[in-house]
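Residue numbers (the numbering used here), protein chains in the order written: chain A, 5 to 365; chain B, 2 to 262.
Some hints could be false.
Chain B is faced by these chain A residues, among others (derived, beta-carbon under 8 Å) [what the hints assert, rightly or not]:
{"#": "1", "residue": "Tyr185"}
{"#": "2", "residue": "Leu214"}
{"#": "3", "residue": "Glu272"}
{"#": "4", "residue": "Val273"}
No lab work stands behind these hints: they were computed from the structure.
No experiment lies behind these values; they were computed from the predicted model shown.
Each residue gets a CB set at the ideal place from its N, CA and C atoms; glycine is no exception.
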Amino acid sequence: MIQTRDERATDPRQDAQRRVDQVSAFTRELAELERAGVLALPPGQREQIERYHGDVLATLARRFDVDRTDEQRQMALGMRVASLLGAVTLSAAVVLFFYRVWGLLTTPAQVISLIAVPLLMLLAVEVAARREPTRYIASVLSLIAAASFALNLSVVGAIFNMTPTPLVLAAWAAFALAVAYTYGLRLLLAGGVIAAMGYGVAAVASATGLDWSVSLVRPEPLLLLGPLAIAASFWPSGVRPEGFARTWRLVGVGALLLPLLFLSTWTEVFSYRLLPLNVLHAVYDIAGFGLPVVAIWYGIRRRWTDVVNAASGFLVVFIYAKCFDWWWELIPRYLFFLLLGGLAIGSMVILGRLRLRLKEV
Amino acid sequence: MSRKGLWVAAVVVIVSNVFALGSAGINRGGEPDAVLNLTERELRLAPREAENTAMGLRLAWIDPAANAQEPGWFDAAKLAEIGFDCSRPVTAENASHYRTQPPRSTYAVLENEGAAWQRYLAAPPAGAEREVLERQSHLVLIDVGHDPSALRARYPDRRRTVVVPATARMAFVNDGKRTPFLRGRVSVTYPMELNVPRHLRPVLESMPPGARYAFDRRFDRLDRPGQPLADAPHYRVVVKWGRSLEPWIESVQAIGQTFAR
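For reference, chain B alone in the conformation it holds in the complex (with noise of 0.2 Å):
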């Protein structure tokens, strides 16, 4: 029996890495399109697991506008812009229409500690301490779009500004009590989870075994009695996002010797 198809097999093997590290390559070189510094409050390690020794960092950020009781900046205009349909009217009997479309692929741009975050603490929800918020990420989102170079143009701030594949959402908002209206809002940023590379876990996997950093100490569903929580991240991690907007992991460093204990 012949054995080009073994080859073949082979061949696709071959040439599916070459293409993959070829990309991460490409996209690793020449200057990045944005250089961040982000604490533990940003990149949260992910649990540990016995079967999986790898170690990997969480992208964290806030939309203050997700549970506002207004469109805001993510109204139907947005959402028509990233390419919902959005050409019927926003009434009740066209809920149907606006609840069963799919999500859709799209950029969103996440601002470190910038105008935004300084809006959003001088102006919390209501009920919400500046204690609390400060414990939050400060990586606010603030812009999405079809096109990623247009939003860099829009956001050039490399070091503050980071334009990211995501996966928006649209929600049909309407509680009988006002008029309805459309409201957009990102469900998940790409990748969802950092690599750490070997390299670079040791401070990391120095931090003691239960020490947290306190996200949200009013709604930590992790608080464990006899852990106490740390008043101030652990570790600063400096991130790159290269040409394809896909990210690294530049360098890790402790903050201080403020691991709780």
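Bound-form chain A, shown alone (with noise of 0.2 Å):
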């Protein structure tokens, strides 16, 4: 898939990672046109490119930790899996040893424990970026350090009896923001955008009154939250680690489809009802047909497979949850179930001509 700028690799181990794809695709096609009789190489010349292709790699693989091989390159996925679970494990380990000795600390003992855990972490993640090129360690004690920032303004809110505000969200994802973009972090960053999307809920809710713990139930601002997420995947960045962008689209194009289910289907629920009701129904079914298929469209265009997937999957829920919406109450089950059958196989039809679509691009 060829990759537009701002997919670009930015990080230096990826573009190192890049090179020994390309190494490696280049030995593989040598060979094929070699035995297919279409090359041959003059004599020596061969193992002047060998050697050559050698010493890349080597010096890649010392600077970059490059996975040469697919075995090397299941281990790092398998890497990356473990690196979660321990993230996530050793998170819940922090915050259940806190629960389990804060009652015996006095209060500014509890305060200074509470701000110094996520600023050691902090320091803790620095010094595992500098001396591990591959963050693996960086990326768990990243994932800890958010956490117990997470456990920092929950428990100051309990120790001082606070009222629940909105605005932990606000400092969390700032703090996520950060972290991801000084490391390179996709899940933190995923995570932040999330948490800033959530305080603009929350803060919409709260301003119209709405108690904003449920604020949820009123989804409506994710709908120009989703398409800034989406616009900020464009943002000219200097340094913008891999994959960023593709966070951010996806980000928001769920941020953007997912609330139209529950819009379009319970309006009368979901929505602050700023227009009348049959205006907002209209609205949100057109919406709820036509945005996933101009996502489709347009991740077509700019070869953004992912865009195209998370579209495509809530295209075929919308229409499911519509049909019932539309038809449960009004035909026979037996013919209601047909109906759902057929557009499921016409589903998989155009679904797979867009497939064939995207392999031609």
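Both chains come to you apart, so use the hints to assemble them.
Below, the structure written as structure tokens:
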């Protein structure tokens, strides 16, 4: 897949991995050409190329710890899963340990330890990032830092019996985004963007007098925040870690499309009702069908496979939801399921054609 | 790679905590908004968990009109005052309009052993025994509103009434026998649990395990054979509410030697 400028890696390690993959692809294709009799290298030149590539691969492996074989790549995937599990379990351990001991501490000791832990974890992240080029340990520690900051905000509020406020979401989002951009951590980026959107939704609910803790029953602000996140993926940035544009896009598409499922089906429950209900019903029905189609079309043009997949998946679920909404009470059950089955087969045909089209580009 | 983000994250941690601690300091500075003497009836020990060594007291209050067959003081007018949309006729056709309205933030006024409590004792719900009622919390919900200053002006007794942040819900009551009506209720007041600082825990920790005050002997589902319930609360708590209407526990004292054995 040809990458756009926004998706070009700016991380040296990612550049190195691309170079390794390029060398491997060249080596395999050269062997195929020679086997087919299309190309025959002059004597000595093969050895020269192999010597050169050997030096390049050895240097890259030593400096950036890149994966040179498929087995190494699979192990790298396993390491990512292990690091995620490690981060979750260690974060739980930190939080539960604090709950176990905090009642034994005086109030000043509680506050000091709550503030110190996320700061110490930030320091640990920096030390780990400097020592380990792959940053698996750094990513684990950064998630623990984020969890400890969330604990910090939550427990300080409990100690002083404070009224809950959505500002904690804004603070945590700022923390997560700062750490994510510093160390190129996409999971933390996604968490930070989601928390920022949560703050936006809660702030609007709070401003209208609603109890902000149930603000998800009014998800309409996401219809503005989603496109903002998608727009942020286009933001030109001198140094943006690989995958960040894709993460912004995916979170934005999810924030834009998911609320439509609820707003279209249960408008009276989930809408702020700024317009008459019948107008809102029509607007959300049209948006629910139209926006995913636009996302699929644009995703194909820009070669954003993830956006195409996400929008396609949403469209299928949305169509099913609307079929249930319109016809469940009107037609016999067997006819309803026959209709859904026909729609499923039709979806498969259309998605199959989309898949072929993606392959061609 | 630039490490500016690392410094930004550290600044976020520090600024957030300075803001939180500053807010707590402002809340506790100056004259408190309310000072109430409460007992175990109104502040009940939260269940202790092995994984959590913190200790909290849960504020308990009653709303005598909650299950009444009429709107009472928390009627459609009061609901509209705090922001609910009550513009449509209250009929079965508009039930969906009323039932789909989400809860709203508001302020609630709680009165401790005041006129509302005396009225409640004098005219108890049908079938309720006075002895049972007296064991309940003596903190009664008496009003709600958007403006805490206006509520405080209306209820100036700071030793008997407290204004607290709360969440209110609307109920569309239609039992088919009478005209539908709207009634509000306060679903939660904040904070739900008051943290007990370490230096105030000895009295509460000295209570024998299993010693419990009979909040409602008839409906107490926690009654266990072999664990007799006390007839009087075990402790008294002085709670202050500050400028931001956030409380703190000032003192905890044992009431005589009333721990049940």
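The hints, checked one at a time:
1. Tyr185: With a closest approach of 5 Å, the Tyr185 (chain A) hint holds.
2. Leu214: 6 Å, holds
3. Glu272: Because about 5 Å separates Glu272 (chain A) from the closest Cβ in chain B, which is inside the 8 Å limit, the hint holds.
4. Val273: With a closest approach of 5 Å, the Val273 (chain A) hint holds.
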